[in-house]
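Protein chains in written order, with my numbering: chain A, 173 to 285; chain B, 186 to 298.
These aren't lab readings, by the way, just hints derived from the structure by calculation. For each residue, glycine too, the CB sits at the ideal point set by N, CA and C. Among these hints, one or two may not hold up.
Unchecked claim - Covered stretches of chain A, as calculated for chain B (at least 3 residues, CB under 8 Å):
id : stretch
1  : 186-194
2  : 217-231
As the list claims (entries may be wrong) - Derived DEER-like restraints, expressed as beta-carbon distance ranges:
id : chain 1 : residue 1 : chain 2 : residue 2 : range
3  : A       : GLU225    : B       : HIS243    : 30 to 40 Å
4  : B       : SER192    : A       : LEU211    : 14 to 24 Å
5  : A       : SER199    : B       : GLU244    : 20 to 30 Å
6  : B       : LYS212    : A       : GLN213    : 26 to 36 Å
7  : B       : SER242    : A       : LYS185    : 17 to 27 Å
8  : A       : GLY188    : B       : GLU240    : 49 to 59 Å
9  : B       : THR213    : A       : ASN231    : 42 to 52 Å
10 : A       : GLY188    : B       : GLU244    : 45 to 55 Å
11 : A       : ALA252    : B       : TYR224    : 43 to 53 Å
12 : A       : LEU211    : B       : SER211    : 40 to 50 Å
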Amino acid sequence: DAGVTQSPTHLIKTRGQHVTLRCSPISGHKSVSWYQQVLGQGPQFIFQYYEKEERGRGNFPDRFSARQFPNYSSELNVNALLLGDSALYLCASSPIGVGYEQYFGPGTRLTVT
Amino acid sequence: SQELEQSPQSLIVQEGKNLTINCTSSKTLYGLYWYKQKYGEGLIFLMMLQKGGEEKSHEKITAKLDEKKQQSSLHITASQPSHAGIYLCGADIPGGSQGNLIFGKGTKLSVKP
């Protein structure tokens, strides 16, 4: 079975631009969470979506938004990019109601110049 | 807010040696997760612990959660080069829904052949 997939793998953007990152969960998983991992730090929780509804939000500005589609895939959008947004963005899916483990994708490396 | 502190920050061991990584929480843990990460890649789920005193093993890796549920340890027996990577502990955010995790900063493990 395919794991969590994310696209693109790498991305370079300029300050002030907008970016959209995509995630496809493991088949059968209805929950998707997004995390930001800055170099040398642990991942920081951004959003959780379950059944297309936001179920949790971390301490991130309104420039960050996300949504989940009927097929449970998800997008993370970041507006007005700042240099500090440069990070590895990780998506994780889990079968809420069945198990508790979160399975992470390979991540999208975003560089803001 | 809850914080997870990992120790040591980094570790270099000779192949075949045993090692232990610790994760300490400022508050009671309701779900403790161990992940492994290769540099710049996604997280690989290792184990989840929920009950005080719980211990789980997978191959040569054993994880324990203390009775007070504020500290966990990850023990690797007879380390191999394949064990090298960054080990992260994560925990359910208190009051958050399942899937909202906070993480420690990670422990970087190098294994010398």
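Evaluation of the provided hints:
{"no.": "1", "hint": "186-194", "in the structure": "violated (count 0)"}
{"no.": "2", "hint": "217-231", "in the structure": "holds (count 6)"}
{"no.": "3", "hint": "GLU225(A) with HIS243(B): 30 to 40 Å", "in the structure": "34 Å, holds"}
{"no.": "4", "hint": "SER192(B) with LEU211(A): 14 to 24 Å", "in the structure": "20 Å, holds"}
{"no.": "5", "hint": "SER199(A) with GLU244(B): 20 to 30 Å", "in the structure": "26 Å, holds"}
{"no.": "6", "hint": "LYS212(B) with GLN213(A): 26 to 36 Å", "in the structure": "20 Å, violated"}
{"no.": "7", "hint": "SER242(B) with LYS185(A): 17 to 27 Å", "in the structure": "44 Å, violated"}
{"no.": "8", "hint": "GLY188(A) with GLU240(B): 49 to 59 Å", "in the structure": "51 Å, holds"}
{"no.": "9", "hint": "THR213(B) with ASN231(A): 42 to 52 Å", "in the structure": "21 Å, violated"}
{"no.": "10", "hint": "GLY188(A) with GLU244(B): 45 to 55 Å", "in the structure": "48 Å, holds"}
{"no.": "11", "hint": "ALA252(A) with TYR224(B): 43 to 53 Å", "in the structure": "29 Å, violated"}
{"no.": "12", "hint": "LEU211(A) with SER211(B): 40 to 50 Å", "in the structure": "24 Å, violated"}
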